[in-house]
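**Student:** What follows is each chain in one-letter form.
2 protein chains.
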Amino acid sequence: MKKPSFLFAAAALLAPVSLSLAAEDAATSYPAPSEIVAAAPASDWTAIDPNDLLVMELAPDAKGKTRRVVIQLMPAPFSQGWVGNIRKLAAAKFWDGLAIVRVQDNYVSQWGDPDGEDTAKAKKLPDGLVSVPESEYEIIPKNALGGEIAATRGATVEIAEAGEYTEVCAGSERSPNCTRYKTELNGGGETYAGYTTHYQGWPIASNLVTAWPTHCYGMVGVGRNLSPDTGTGAELYTVIGHAPRHLDRNIALVGRVIEGMEYMSSLPRGTGDLGFYKTAEERTPILSVRIASEMESDKPQPRYEFLNTESASFAKYAEARANRRDPFFIKPAGGADICNIPVPVRRKQR
Amino acid sequence: MKKPSFLFAAAALLAPVSLSLAAEDAATSYPAPSEIVAAAPASDWTAIDPNDLLVMELAPDAKGKTRRVVIQLMPAPFSQGWVGNIRKLAAAKFWDGLAIVRVQDNYVSQWGDPDGEDTAKAKKLPDGLVSVPESEYEIIPKNALGGEIAATRGATVEIAEAGEYTEVCAGSERSPNCTRYKTELNGGGETYAGYTTHYQGWPIASNLVTAWPTHCYGMVGVGRNLSPDTGTGAELYTVIGHAPRHLDRNIALVGRVIEGMEYMSSLPRGTGDLGFYKTAEERTPILSVRIASEMESDKPQPRYEFLNTESASFAKYAEARANRRDPFFIKPAGGADICNIPVPVRRKQR
Numbered sequence: 001m002k003k004p005s006f007l008f009a010a011a012a013l014l015a016p017v018s019l020s021l022a023a024e025d026a027a028t029s030y031p032a033p034s035e036i037v038a039a040a041p042a043s044d045w046t047a048i049d050p051n052d053l054l055v056m057e058l059a060p061d062a063k064g065k066t067r068r069v070v071i072q073l074m075p076a077p078f079s080q081g082w083v084g085n086i087r088k089l090a091a092a093k094f095w096d097g098l099a100i101v102r103v104q105d106n107y108v109s110q111w112g113d114p115d116g117e118d119t120a121k122a123k124k125l126p127d128g129l130v131s132v133p134e135s136e137y138e139i140i141p142k143n144a145l146g147g148e149i150a151a152t153r154g155a156t157v158e159i160a161e162a163g164e165y166t167e168v169c170a171g172s173e174r175s176p177n178c179t180r181y182k183t184e185l186n187g188g189g190e191t192y193a194g195y196t197t198h199y200q201g202w203p204i205a206s207n208l209v210t211a212w213p214t215h216c217y218g219m220v221g222v223g224r225n226l227s228p229d230t231g232t233g234a235e236l237y238t239v240i241g242h243a244p245r246h247l248d249r250n251i252a253l254v255g256r257v258i259e260g261m262e263y264m265s266s267l268p269r270g271t272g273d274l275g276f277y278k279t280a281e282e283r284t285p286i287l288s289v290r291i292a293s294e295m296e297s298d299k300p301q302p303r304y305e306f307l308n309t310e311s312a313s314f315a316k317y318a319e320a321r322a323n324r325r326d327p328f329f330i331k332p333a334g335g336a337d338i339c340n341i342p343v344p345v346r347r348k349q350r
Numbered sequence: 001m002k003k004p005s006f007l008f009a010a011a012a013l014l015a016p017v018s019l020s021l022a023a024e025d026a027a028t029s030y031p032a033p034s035e036i037v038a039a040a041p042a043s044d045w046t047a048i049d050p051n052d053l054l055v056m057e058l059a060p061d062a063k064g065k066t067r068r069v070v071i072q073l074m075p076a077p078f079s080q081g082w083v084g085n086i087r088k089l090a091a092a093k094f095w096d097g098l099a100i101v102r103v104q105d106n107y108v109s110q111w112g113d114p115d116g117e118d119t120a121k122a123k124k125l126p127d128g129l130v131s132v133p134e135s136e137y138e139i140i141p142k143n144a145l146g147g148e149i150a151a152t153r154g155a156t157v158e159i160a161e162a163g164e165y166t167e168v169c170a171g172s173e174r175s176p177n178c179t180r181y182k183t184e185l186n187g188g189g190e191t192y193a194g195y196t197t198h199y200q201g202w203p204i205a206s207n208l209v210t211a212w213p214t215h216c217y218g219m220v221g222v223g224r225n226l227s228p229d230t231g232t233g234a235e236l237y238t239v240i241g242h243a244p245r246h247l248d249r250n251i252a253l254v255g256r257v258i259e260g261m262e263y264m265s266s267l268p269r270g271t272g273d274l275g276f277y278k279t280a281e282e283r284t285p286i287l288s289v290r291i292a293s294e295m296e297s298d299k300p301q302p303r304y305e306f307l308n309t310e311s312a313s314f315a316k317y318a319e320a321r322a323n324r325r326d327p328f329f330i331k332p333a334g335g336a337d338i339c340n341i342p343v344p345v346r347r348k349q350r
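Order-wise, the sequence lines are chains A and B. Each residue of the first sequence is one higher than the one before, starting from 1 at the first, in this note's numbering. Each residue of the second sequence is one higher than the one before, starting from 1 at the first, in this note's numbering.
Bear in mind the hints are in silico, worked out from the structure with no lab data behind them. Hints may be right or wrong, so weigh each one.
Since copy identity is lost for identical chains, a pair holds within one copy or between any two.
Distance condition first, Cα-Cα at most 30 Å in a straight line; then the derived DSS-like pairs of lysine-lysine [stated by the list, open to error]: (1) K63 x K278; (2) K348 x K278; (3) K278 x K65; (4) K124 x K93; (5) K121 x K299; (6) K348 x K316; (7) K278 x K299; (8) K299 x K93; (9) K123 x K278; (10) K123 x K316; (11) K88 x K316; (12) K65 x K331; (13) K121 x K316; (14) K316 x K299; (15) K121 x K331; (16) K93 x K331.
With the hints as extra help, turn the sequences into a complete structure.
**Tutor:** Rendered as structure tokens:
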């Protein structure tokens, strides 16, 4: 698939001939990130289990257009207490008939029960939701390079620099279990954390002691009240602006929007405090929220896949995002923050 | 002014008593960034000259609501060739009757002449527009710490580390003219540039050799075709998603939206390539674009002011953005990228 690789001016309006030529040049010298993704072999893509997809149907827009938002839930070892609650809430059809209650420009769109704080009027939560401690905002990586990030709380962790990798040791001092930590593009200099990487398809930050998912555009998090409350998962939000990374480790992240993000980001902004809508009429009603594998439908549901972040294609893609050399660009940046390297997700190719 | 300082959950719906208590705590211990801004003395605010404001009136929305977008033009020494063109385009009423032609999710909203690439149908540009060279994407800072950033191209620049500042020397080796460069929060570790700072109200990046404005949310840039074209300023865009910092030094930045940003960011996304609208009906018409001081109006126009980025209040605000300790937060981030410290701008207090 060839696409025009320059992004600005009236690119789409140029004569098709010039477009093809530009794309040809790009393909032979420095492909654009989108071209690298398009050329990735099938083996570099990982299917997403429909059991890990949350499908939210919003009320149709003013012109009657349906609006479906598909969210991929975060895998272990991150945030599984909240993710478990979200599965229970979806199974109980908790969100059906609730609404998007808040849209704050350059920040978040948030949905849940408009009466959630009013105990007399709040919709009853399903039984069996767990209260998750704040310690679950982070995990301790046991082995971050090519291996499994496991929650090994309480282990001692030692840090030693070793070239472009960093040695991370878990276990006791006498019996260390050391692994090399992949610092990828932002090694040591990342503003918020020290280190960022992509792990099994997700943007992860680490200070080499703990690791946590990052608040990038489209990520989904759990609304909460003041500490020590961590939220149940009944109230969720997605990021619609510049990455609010100051929320990392302060709120649970439980997934990301992989389709229909434009329905969340283009909603009218609320004019109340913090972007809450002042009237019920302004809210966007939620028709239903279901786990994809539990949906009642006669139609086959779309399947999705993401570009394996441990693949050669992803490494090439990330490098190209950090150093754009396709024809539109004259100065490669030399780096990219973790949220400017979004993990490619697409409908599964059959 | 006290505001609830926690941002998530149904904060606005909590009982007023809890809100006041939380705000009290914040005020006596760690104020939120918004509280620091609200408490800044009048002397820390700088008025914006109406001659530096571009006022764009969009067609009313579906409910008949007027939509005004106010843009502050970038001051010298940055991008003045394009800014001069934009003044001429506004004086010639060039944009009146044109449209928003492209909205790409998590990227940009772009406006100009839908027929701009079709020489037979394109609207005639006013006389006197200049062609600006690519070298103008950057300037060479002569003195970046508390002094004036001046364009002194061709000077040799030497770099030496000195504690939390960096010594930057212009001039010849035998006769150096050294100044200490304020590295602010992101000294040395900034992913894209090495260094970032705020200079006279604007977000600026530097590699200690050159300096340039950064592509943050709401910044306004100049659409262009392939290099060496740099655009005239007739086609503009604003950033509506995560900061696309890879565009820095590749495109001219000429200002930022200071009011009405929500009208640009909440537009329906285009479904054509790169978010261009496929049909004329999808576009949002532009009624007029004027320099504020040249507007014909019987009504007094709003005035604006920004928080002086060299003031003590701004330093306190930036520190608080990087280290949130107000009651909602449990872990201060320890840093913030330049685009996560937006410069406060408000209607002028009378």
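**Student:** Checking an output row: K121 and K299, CA cutoff 30 Å. Within, between, both or neither?
**Tutor:** neither (36 Å within a copy, 46 Å between copies)
**Student:** For K278 and K299, with the copy left unspecified, which applies at a CA distance of at most 30 Å: within, between, both, or neither?
**Tutor:** The answer is between: 29 Å across copies meets 30 Å, while 38 Å in one copy does not.
**Student:** Could you figure out if K348 and K316 sit no more than 30 Å apart (CA to CA) within one copy, between two copies, both or neither?
**Tutor:** within (21 Å within a copy, 49 Å between copies)
**Student:** Within, between, both or neither: how does the pair K123, K278 come out at a Cα-Cα threshold of 30 Å?
**Tutor:** within (20 Å within a copy, 42 Å between copies)
**Student:** Is it within, between, both or neither when you check K348 against K278 at 30 Å Cα-Cα?
**Tutor:** Answer is between: at 26 Å across copies they meet the 30 Å cutoff, but 40 Å inside does not.
**Student:** If the cutoff is 30 Å on CA atoms, where do K299 and K93 land: within, between, both or neither? Let me know, please.
**Tutor:** within (20 Å within a copy, 52 Å between copies)
**Student:** Checking K121 and K316: alpha-carbon separation at most 30 Å within a copy, between copies, both or neither?
**Tutor:** neither (53 Å within a copy, 41 Å between copies)
**Student:** Is it within, between, both or neither when you check K121 against K331 at 30 Å Cα-Cα?
**Tutor:** neither (57 Å within a copy, 33 Å between copies)
**Student:** At most 30 Å between alpha carbons: which applies to K93 and K331, within, between, both or neither?
**Tutor:** neither (51 Å within a copy, 34 Å between copies)
**Student:** Using 30 Å as the alpha-carbon threshold, which applies to K278 and K65: within, between, both, or neither?
**Tutor:** both (25 Å within a copy, 17 Å between copies)
**Student:** Check K124 against K93 for me: Cα-Cα at most 30 Å, and say if that holds within a copy, between copies, both or neither.
**Tutor:** This pair counts as within: shortest intra-copy Cα distance 11 Å, inter-copy 57 Å.
**Student:** When no copy is named, should K123 and K316 be tagged within, between, both, or neither for a Cα gap of at most 30 Å?
**Tutor:** neither (48 Å within a copy, 42 Å between copies)
Violated hints for the displayed structure, listed by number in ascending order: 5, 10, 11, 12, 13, 14, 15, 16.
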